[in-house]
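Based on the hints, put chain B in the right spot on chain A.
If you want the building blocks of each chain, they are given just below.
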Amino acid sequence: MKRLRGIWLLPAIVALLVATASGSAQAKIIGLGENQTGSAKSFAFTAKAGHINTPDGSSLLFWGFADTSSGKVQFPGPTLIVKQGDTVTINLTNQLAEPVSMLFPGMTMTSSVKPVIPAGDRSQLTSLAPEAAPGGTQSYTFVADRPGTFYYQSGSNLPVQLRMGLYGAIIVRPSQDGSTRNVDISSHNLNDPLNPGVAATRWPFTRFVYNDSLADPVAENVSTGYDREYLFLVSEMDPKFNSWMEFEKDKVARPFDFSKWKANYWFINGRCAPDTMSPVNAAYLPSQPYNSAPLMHPGETVLLRFVNMGSDPHPFHTHGNHMRVVGEDGNPLSSSAAAGADLSWQAFTLTLQPGKSYDATFTWSGEKLGWDIYGHADALEPYEYIPDHGKIYTPNRPAVAGVAQAPAPPQALPVLLPTIEEGIFGMWYSGSPYMGSAGPLPPGEGGMNPFSGFFYMWHSHAERELTNYNIWPGGLLTMMGIVPWSATISSDDTYNQGM
Amino acid sequence: MKRLKIYMLGTLLLATFAFPCGALAATVNYTLRAAPSTVAMPDGAVVPVWGFALVSRDGVAGPDLVTVPGPVLEARAGDTLNVTVNVDPLLTAPVSLLIPGQRYTPAPAASGGRMSSFMAEATSAAPVTYSFAGLRVGSYLYESGSTPAVQIPMGLYGALVVRPADYDPAVPATWHAYTATTDNLYDTEATVVVSELDPALNAAVSAAPTTPYSTITSAPKYFLVNGRAYPQKLGTTTDITLYIGKNNLLRILNAGARSYTLSIPATPLSLMAADGSLLPYRKSATTVDLQAGRTYDAMVTPATISFSPVFERRLGLTNGQVMGGATPAAGGMLAFVGAYPDGQDCSPLKGDVTGDGKIDASDVLAVLRMYMGIATAYDGNKHLADVSPLSANGYPCGEYKVLTSTPAVPAAVDLTDVLLILRKAAGMNPY
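So the protein sequences, as listed, match chains A and B. Residue 363 in our numbering sits at position 363 of the first sequence, with consecutive numbering throughout. With the second sequence counted from 1, adding 1000 to any position gets you our numbering.
If we strip away everything but chain A, and leave its shape as in the complex, we get (with noise of 0.2 Å):
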């Protein structure tokens, strides 16, 4: 156990150094393909064979895709982000000993969908699509003519390749993009910080992921507009499988029985709990570079673009809000073209089935909690809650017969603190119920929360999905983190692909 908690708190402590450094509240997801100029976007991928790490120190054979050009094998694949209208060229070469070919789901292709059927013989199938021979290679071109969250995925041997991990997102940003599209925040009542003290109407969005309404502003309901995105590419493993692919030497003797396949690894972006939280590119997991640490300011609204390239369903759960679930499979959820996603819907928890694809909203401000987030009665904070601003909780605590009752703090939380000796430590506790606030620990405790944010665990809700091999806390989990606006959102991709 003690080891276990060293993993939790290294990477976080890691991760704490590398963020205070300021930057941009510029967010991304981290990827390929926008460091290209023009509309023709190409891209090398070599499938090829390599091992992941999980955080009860187990090592997992996988089969990925590596940009050709670093030639890192990563779990995921690649994310590729595009822009809608872009000719998408990916070259493929195969390091791998049997056929891998690629399929993309929900694109317009413009080079062979066919399968490799030899000689006419359904039987000798080997691949869905046009595939590379082991050490050949095969292209493959796309229109990404309609934005969204999409993916790539191997089209042979399925049973086998989807399991080994040769998957990965694709991004395709709508022609929108850079435009500005104000929403009506005014029934929010949420402090402007240009104007104290008065509901700010309009939240301008540059950023979208599908074209929206023409309204001006355009309804919550109806907009697709975020201030940062996130990816949650969700996918599991049972490590019998792998370790059958990697040690078992008579395949054939000795088959692998799929009714018997169980996952017992549960992956974001290719990484179990706690390792979500680790940096981006963290040196010790070499083959799993991608992170899944969501961060916000109260009032903004975060994309979360969800893909499922597991075989089992995960019901994902957003603590602290609900999130607008906006489109499926790269489709608006829309009832006509112009009328941006009016056909959205909130869920607290959406279960992402096997290949598919999501796009949901979220946003978080505190409003009608019914008490005052900042435990202040001064300033208002940006996008306070105005209504619940100075609200100051007065405890009515027990009073007990010789126990010299603590003054009431000068602005408490509906509940009874613990004194300091009672309680036990989080290590996202700050020391202090409040945003923005800190407040003494006892000595190594907490020390992941310098912003004194709120973090919400965000979670896959079959908790059987929270272990890593049995080993709980783990699995499909990340913290979702809102931090005052005093706490810069950096934009350094060494720790958060969002920040």
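Simulated from the structure, these hints should not be mistaken for laboratory data. Check the hints yourself; a few may be wrong.
To be verified - The calculated lysine-lysine pairs, modelled on BS3-like cross-linking and capped at a C-alpha distance of 25 Å, are:
| id | chain 1 | residue 1 | chain 2 | residue 2 |
| --- | --- | --- | --- | --- |
| 1 | A | Lys368 | B | Lys1382 |
| 2 | A | Lys41 | A | Lys72 |
| 3 | A | Lys368 | A | Lys48 |
| 4 | A | Lys83 | B | Lys1283 |
| 5 | A | Lys48 | A | Lys240 |
| 6 | A | Lys260 | A | Lys249 |
| 7 | A | Lys260 | B | Lys1382 |
| 8 | B | Lys1233 | A | Lys114 |
| 9 | A | Lys114 | A | Lys41 |
| 10 | A | Lys48 | A | Lys251 |
| 11 | B | Lys1233 | B | Lys1382 |
| 12 | B | Lys1246 | B | Lys1233 |
Here is chain B on its own, set in the frame of chain A:
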């Protein structure tokens, strides 16, 4: 025979019955026979099943062959559907029938002090007629209501297609999925029933039909599309044929006990109805999560010629669920969808005129003889030899075309066809 009625085959092929034209609500009488049979899986396994056979519809005799899934039942909205279930003497377990989503009166039956069925049970000694009045339009599953946890996996299920009340098979203008609106008009329709087989369950229940069987350890080994596991075929060259620029209605039903997700990478579906109810808006999906017992209706209007897969994304893609051979074999819930110009067949599997499942020297020889005008035993397959000209994106569309409205374009076997098939047989893969 109209080409537009594409029933997906094999086992689901339904004799076309004459509908009275423009009739008001009618009574449709089916007689089904529940009986034991076996199905062969691609790996050679022979699995015992129980299935329904079509004895008759409205007094017209059917093929009376047991299939899994059972025959597609057809009726129109408002009709009264009477299904008489005869139980074959070889099937010693009582059987019943219900249709989730249609109106019926449950009549639970008990056995040994416990409920054994949702409906009155038919036995070989006493058939039972199940009546469904005022049918609702849409796509439905019918299935056994007796010990469903074992009788449905045994194979006692099928599809019911209820078309609108004014449906007339002779008048394409009445071919609506649900409502009499333009966006509900379809040109072709196909029924796709997915399910699974657990050979251990089937063997045990088959051996002891009336002994309670525990499904606690049930582990399906075969994953089926219309009762077939890949590489078994649903059609001659193409499993599901769609026509470009046409409205192709797919009725997708999950008769299995598991939930599946079907992925159609190249041809997104426009989902229009679920469980026999129209959705308020169409929903486009590349991957469809098909819960156990769910039915979907989807309209597909492809734009380009293609031959591409539909496959089970939860990886029910093996036969026997075993992986270990040197050459991975594709299997399970996998089929190929062809999107072709109206009335044409552009499948890259064309060229197999001998019908032996592969394109080899025997096909080249037969096509050469066709070209030279020498009679062959395969002259009935001339349309499969007509691969030239290739489409702009390399599919063997040929000249042959079957349309209802215009005269068919006959197959033309020329030297290019011979050469293309020769190259195909030589492994050069020209199309």
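Outcome of the hint check:
With a C-alpha separation of about 74 Å, the suggested pairing of Lys368 (chain A) with Lys1382 (chain B) is violated against the 25 Å cut-off. Only pairs whose Cα atoms come within 25 Å are accepted, and Lys41 (chain A) paired with Lys72 (chain A) is accepted, the gap being roughly 20 Å. A hinted pair counts as satisfied when its Cα atoms are at most 25 Å apart, and Lys368 (chain A) with Lys48 (chain A) does not qualify at roughly 52 Å. With a CA separation close to 23 Å, the supplied pair Lys83 (chain A) and Lys1283 (chain B) stays within the 25 Å bound.
Distance restraint check for Lys48 (chain A) and Lys240 (chain A): the Cα-Cα separation of roughly 20 Å lies within the 25 Å cut-off, and the hinted pair is therefore satisfied. Between Lys260 (chain A) and Lys249 (chain A) the CA atoms are separated by roughly 20 Å; this keeps the pair inside 25 Å, and the hint holds. A hinted pair counts as satisfied when its Cα atoms are at most 25 Å apart, and Lys260 (chain A) with Lys1382 (chain B) does not qualify at roughly 47 Å. For a cut-off of 25 Å, the pair hint linking Lys1233 (chain B) to Lys114 (chain A) stands: about 17 Å separates their Cα positions.
Between the alpha carbons of Lys114 (chain A) and Lys41 (chain A) the distance comes to roughly 23 Å, so the proposed pair stays at or under 25 Å and holds. At roughly 20 Å between alpha-carbon atoms, Lys48 (chain A) and Lys251 (chain A) fall within 25 Å of each other, so this suggested pair holds. The straight-line distance between the Cα atoms of Lys1233 (chain B) and Lys1382 (chain B) is roughly 20 Å, inside the 25 Å bound, and the hint therefore holds. A C-alpha spacing of about 24 Å is found between Lys1246 (chain B) and Lys1233 (chain B), which places the hinted pair at or below 25 Å, so the restraint holds.
Hint compliance for this structure: hints 1, 3 and 7 are not met, and every other hint is.
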